[in-house]
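Number of protein chains: 2
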Amino acid sequence: MMTNYVFGVDVGGTTVKMGLFDADGNVIDKWEIPTRTEDGGKKILPDIAESIQAKMEEKKIAAEEVAGVGVGVPGPVDGNGIVHKAVNLGWGQFDLKKELTGLLHGMRVEGGNDANVAALGEMWKGGGQGYQNLVAVTLGTGVGGGIIINGEIMTGSTGAGGEIGHIHVEDHETESCGCGNFGCLEEYASATGITRLANRALQASDRDSVLRNGEVSAKTVFDAVKAGDELAIEVARKFGEYLGKGLGVIAGIINPEIFVIGGGVSKAGEVLFDYIKPPFEKTVFQGCKDTVFALATLGNDAGIYGAAKMVLD
Amino acid sequence: MMTNYVFGVDVGGTTVKMGLFDADGNVIDKWEIPTRTEDGGKKILPDIAESIQAKMEEKKIAAEEVAGVGVGVPGPVDGNGIVHKAVNLGWGQFDLKKELTGLLHGMRVEGGNDANVAALGEMWKGGGQGYQNLVAVTLGTGVGGGIIINGEIMTGSTGAGGEIGHIHVEDHETESCGCGNFGCLEEYASATGITRLANRALQASDRDSVLRNGEVSAKTVFDAVKAGDELAIEVARKFGEYLGKGLGVIAGIINPEIFVIGGGVSKAGEVLFDYIKPPFEKTVFQGCKDTVFALATLGNDAGIYGAAKMVLD
Chain F
1 MMTNYVFGVD VGGTTVKMGL FDADGNVIDK WEIPTRTEDG GKKILPDIAE
51 SIQAKMEEKK IAAEEVAGVG VGVPGPVDGN GIVHKAVNLG WGQFDLKKEL
101 TGLLHGMRVE GGNDANVAAL GEMWKGGGQG YQNLVAVTLG TGVGGGIIIN
151 GEIMTGSTGA GGEIGHIHVE DHETESCGCG NFGCLEEYAS ATGITRLANR
201 ALQASDRDSV LRNGEVSAKT VFDAVKAGDE LAIEVARKFG EYLGKGLGVI
251 AGIINPEIFV IGGGVSKAGE VLFDYIKPPF EKTVFQGCKD TVFALATLGN
301 DAGIYGAAKM VLD
Chain V
1 MMTNYVFGVD VGGTTVKMGL FDADGNVIDK WEIPTRTEDG GKKILPDIAE
51 SIQAKMEEKK IAAEEVAGVG VGVPGPVDGN GIVHKAVNLG WGQFDLKKEL
101 TGLLHGMRVE GGNDANVAAL GEMWKGGGQG YQNLVAVTLG TGVGGGIIIN
151 GEIMTGSTGA GGEIGHIHVE DHETESCGCG NFGCLEEYAS ATGITRLANR
201 ALQASDRDSV LRNGEVSAKT VFDAVKAGDE LAIEVARKFG EYLGKGLGVI
251 AGIINPEIFV IGGGVSKAGE VLFDYIKPPF EKTVFQGCKD TVFALATLGN
301 DAGIYGAAKM VLD
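Chains as they are written, first to last, in the numbering used here: chain F, 1 to 313; chain V, 1 to 313.
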């Protein structure tokens, strides 16, 4: 029996993104359902199962034609598909694969951490196509990461592999990161971090800057950089120093072929690399100097692509 | 046909360590031959092949009884057994597996970087027994590293995986590392680095210290630490801060179960952990705080064990 279809599911805190793909990774359909986090998130998996079954009915797809369902979860998931915790969903520890398989009458299920799964998606159909050793860096509200080695997600021993947002990059930080530590990469390289760096720079001097005339955000900072605003350029330099040095450390440890940079901040485009690459090249182990930098291309769809790919591997 | 034997070979700059093991990893014999680095190291592989064949004759072992030969090399070796460079041996890029297999009449050969291979050895029969996700840290003249994920060596895309001695940990270093960069972990956590930190501390003040009365080395520093010497304790604290923070970053990226600390510096024993763990715990991603620390137990034999294990995997 041919398996012609695969479902990719990306569970977020407010919506569950879902995709139906053919085995070559072409999207057949794409939709969302709300994430019902009440009651410890008990309804989330039944909602997903119901939506998948409704879609199969709608498209007249038999169970035998479906290779399976891949699911990305916002929290640590180990190599056996055990979710250890997903605070935003209300989930504690449980066997995701087993529960969802049960709800889907034995259909194959694979689970992974959402950042890792998105990394797999970018490798398969996004900015990392053609590579097998990849580090995906998501610069959003926080900084997330996913590491792919020889084509496979590096889960880590407790599902915390690739948690690069919380590597220590600054000894003298006085404000704490959301994680409780001080000086995490996320405090400088996330959208929130860039805003914080900009506000600090604005307060530290009364120099002129377009950033004084409106909202300060990662977007307005990089718009100002492109317009030649000196204070914004100084902020971008700080951002780039932390991120460039952090990625240099990651390269020396992992020795990937490519970094794929995604998330909201990456909408600034190639200009990011002007600030990331010089500190990267200055500090990275010489044997890793040629690591490629690319932008992610799948945006919010990286998760459903990667989730589908998990099942096909 | 049963394969009862396996050879493990660890090629160093002055001697080649060799071991004959049974399939359970028991040492049957252990010996060394000189490393002849002249002529671009052309004689090294023929010398190894000859020594293996002589040993087989001596022990009356038939070729069919040998599972193969594993070789650790001091330089990057990729997943296909291609040596990219081994400066200390005079070697450039060549196909180690193919050449040595040819010299051994078709016997199976596996090759790997010596630090990675030693990590595998410590997992198999040393300080990391029972674990499958391990980072071995070798604190010797330099700082080396080997990363094992799900029981397998993480080679990296160009064989530079686990080169943790050259991760950047200090922005304000004025003396360059052997690699040409400034502020590499190796400049503070190697035997040479500890000596340098101690000499700096001795020069920075005229405080009393037993280190003023003789040779300054990693050994004398940690002997002085054990004797309560305050200046030596300050040096150990600096060492521990760099190494603890560095290992914290590695833990956040790799999420291993255990760090296995070896090399000459590790002879100081468990006292090292008193200085490494506090900065580690302070800065590491919270989900990785429980990473285990252990001492390596195989010493210079880790390489031959790991080399043998490569063949058995």
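FYI, nobody ran anything at the bench for these hints, they're computed from the structure. Please note that the accuracy of each hint is not assured.
Computed, partial: chain F to chain V, Cβ under 7 Å [what the hints assert, rightly or not]:
| # | residue |
| --- | --- |
| 1 | Gly161 |
| 2 | Asp206 |
| 3 | Ile250 |
| 4 | Phe285 |
| 5 | Gly287 |
All residues carry an ideal CB built from backbone N, CA and C; glycine is no exception.
How the hints compare with the structure:
1. Given the 7 Å rule on beta carbons, the hint for F:Gly161 holds: about 4 Å separates it from the nearest Cβ of chain V.
2. Restraint check, F:Asp206 versus chain V: the minimum CB separation of about 28 Å is more than 7 Å; hint violated.
3. Taking 7 Å as the C-beta contact cut-off toward chain V, the hint placing F:Ile250 at the interface holds, the least distance being around 6 Å.
4. The interface hint given for F:Phe285 is met, as the beta carbon of that residue sits about 4 Å from the closest beta carbon of chain V, less than 7 Å.
5. The interface hint given for F:Gly287 holds, since its Cβ lies 4 Å from the closest Cβ of chain V, which is under the 7 Å cut-off.
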